[in-house]
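*Asks:* Chain residues, written in single-letter form:
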Amino acid sequence: GENVEQHPSTLSVQEGDSAVIKCTYSDSASNYFPWYKQELGKRPQLIIDIRSNVGEKKDQRIAVTLNKTAKHFSLHITETQPEDSAVYFCAPTDSWGKFQFGAGTQVVVTP
Amino acid sequence: DTGVSQDPRHKITKRGQNVTFRCDPISEHNRLYWYRQTLGQGPEFLTYFQNEAQLEKSRLLSDRFSAERPKGSFSTLEIQRTEQGDSAMYLCASSFPTEETQYFGPGTRLLVL
Chain A
1 GENVEQHPST LSVQEGDSAV IKCTYSDSAS NYFPWYKQEL GKRPQLIIDI RSNVGEKKDQ
61 RIAVTLNKTA KHFSLHITET QPEDSAVYFC APTDSWGKFQ FGAGTQVVVT P
Chain B
1001 DTGVSQDPRH KITKRGQNVT FRCDPISEHN RLYWYRQTLG QGPEFLTYFQ NEAQLEKSRL
1061 LSDRFSAERP KGSFSTLEIQ RTEQGDSAMY LCASSFPTEE TQYFGPGTRL LVL
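Chains A and B, in that order, give the protein sequences.
Our numbering puts the first residue of the first sequence at 1, with every later residue one more than the last.
Our numbering puts the first residue of the second sequence at 1001, with every later residue one more than the last.
In isolation and in its complexed conformation, chain B is listed as follows (with noise of 0.2 Å):
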């Protein structure tokens, strides 16, 4: 086990709903990242912080979606008005700031109906 924690596991909603994702990376910890994977692909890039801070967002990241870190600890990834194309598995990651190595947790698996 990794120590990555997220929450829910799996989150089913209706198109048009809001939904939140939360993510405890490894208390050691200072990077965050966020991922979105789909089916039969890698995980894509979404967003990373260093401690609260929100280094970089990829062009993935739509107006719709945003992420915070308030304290540099946990994370929130949330999502407005989800459409039918935002089902995916939403990963979430940690790592030391001087080490490329990161950690994941174990997903939280979104369908939108």
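Looking at chain A on its own, in the form it has when it is part of the complex (with noise of 0.2 Å):
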């Protein structure tokens, strides 16, 4: 099955400062990679995706970079604000199409 992992498990940045954070997958078809931000007591919810046969993505402050050959797909948040404390969590498919989530990284932003 879908072997995923998330590095750090924390993060703690002062404002205003970058955030990056890893996801490994071990399926070879995953071919979709989003990263949702999950607010205390509050849903998950998408911040930016990536597909296969794409290598970078940004959106404002948010960019993923993937790594096919590697298997690993990376968060980056730049000029970091107290609002994006949270925890995130990789899901990328596995060959069936489905969800695999990361146990999640929780990051922490000091002001």
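A couple of the hints might just be wrong.
[What the hints assert, rightly or not] When the alpha-carbon atoms are kept at most 25 Å apart in a straight line, the in silico DSS-like pairs for lysine-lysine are as follows: (1) A/K71 <-> A/K22; (2) A/K42 <-> A/K71; (3) A/K42 <-> B/K1071; (4) A/K98 <-> B/K1071; (5) B/K1057 <-> B/K1011; (6) B/K1057 <-> A/K98; (7) A/K68 <-> A/K42; (8) A/K68 <-> A/K22; (9) A/K98 <-> A/K68.
Everything labelled a hint here was simulated from the structure, so no lab data went into it.
Given the structure is predicted, the values throughout are model-derived calculations rather than measurements.
Taking the hints as your guide, dock the two standalone chains into a single complex.
*Replies:* Given below as structure tokens:
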């Protein structure tokens, strides 16, 4: 089955600095790579996604990069703000197209 | 707001009781997913429907769990003879069949005493 790992599990950054979270997966058939943000007590919300035919995608302060050969993709947040504090999950699809969530990365942005 | 709704938002029950949760997906979405999330973990896939057909069930879904989507719109998830280990957040998500993106509901938080 799909093995998904996220690193780091916790990340503390100063406001204005950048944050990077890496997600590794094992299923070479994965072709869709989303990142979800979940604030405490709230639903997961999609913040950015990338498909396997693209290497990088950017949306304002958020970017995702994909290395299919190495089977990992990363979330990049620049100019972090306190409202970026949350748990972030990667969820690459498995060979059947189902999401396989990582364990999450707790990001804390300190003012 | 993504438009997926779930009811109830919270449920406290005693061990051995049955509980039922409801999910209303975004109206144009014909795929509907159920997940379970425990503290400090990512959501775990339980089952999913395309229209009214239940296409896959996880090994996590024991015989005490049953899900239905009788008219291809809302779905229910029932847990019979609840156990303390069933305590978790139960999330529902929906998507278009041709798109991978899933939109989540607010979840039902279950506490089994």
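*Asks:* Compare the structure with each hint and give your call.
*Replies:* Going through the hints against the structure:
no., hint, verdict
1, A/K71 <-> A/K22, "holds (11 Å)"
2, A/K42 <-> A/K71, "violated (29 Å)"
3, A/K42 <-> B/K1071, "violated (28 Å)"
4, A/K98 <-> B/K1071, "holds (23 Å)"
5, B/K1057 <-> B/K1011, "holds (23 Å)"
6, B/K1057 <-> A/K98, "holds (11 Å)"
7, A/K68 <-> A/K42, "violated (31 Å)"
8, A/K68 <-> A/K22, "holds (13 Å)"
9, A/K98 <-> A/K68, "holds (18 Å)"
This entry does not satisfy hints 2, 3 and 7, going by the numbered hints stated previously.
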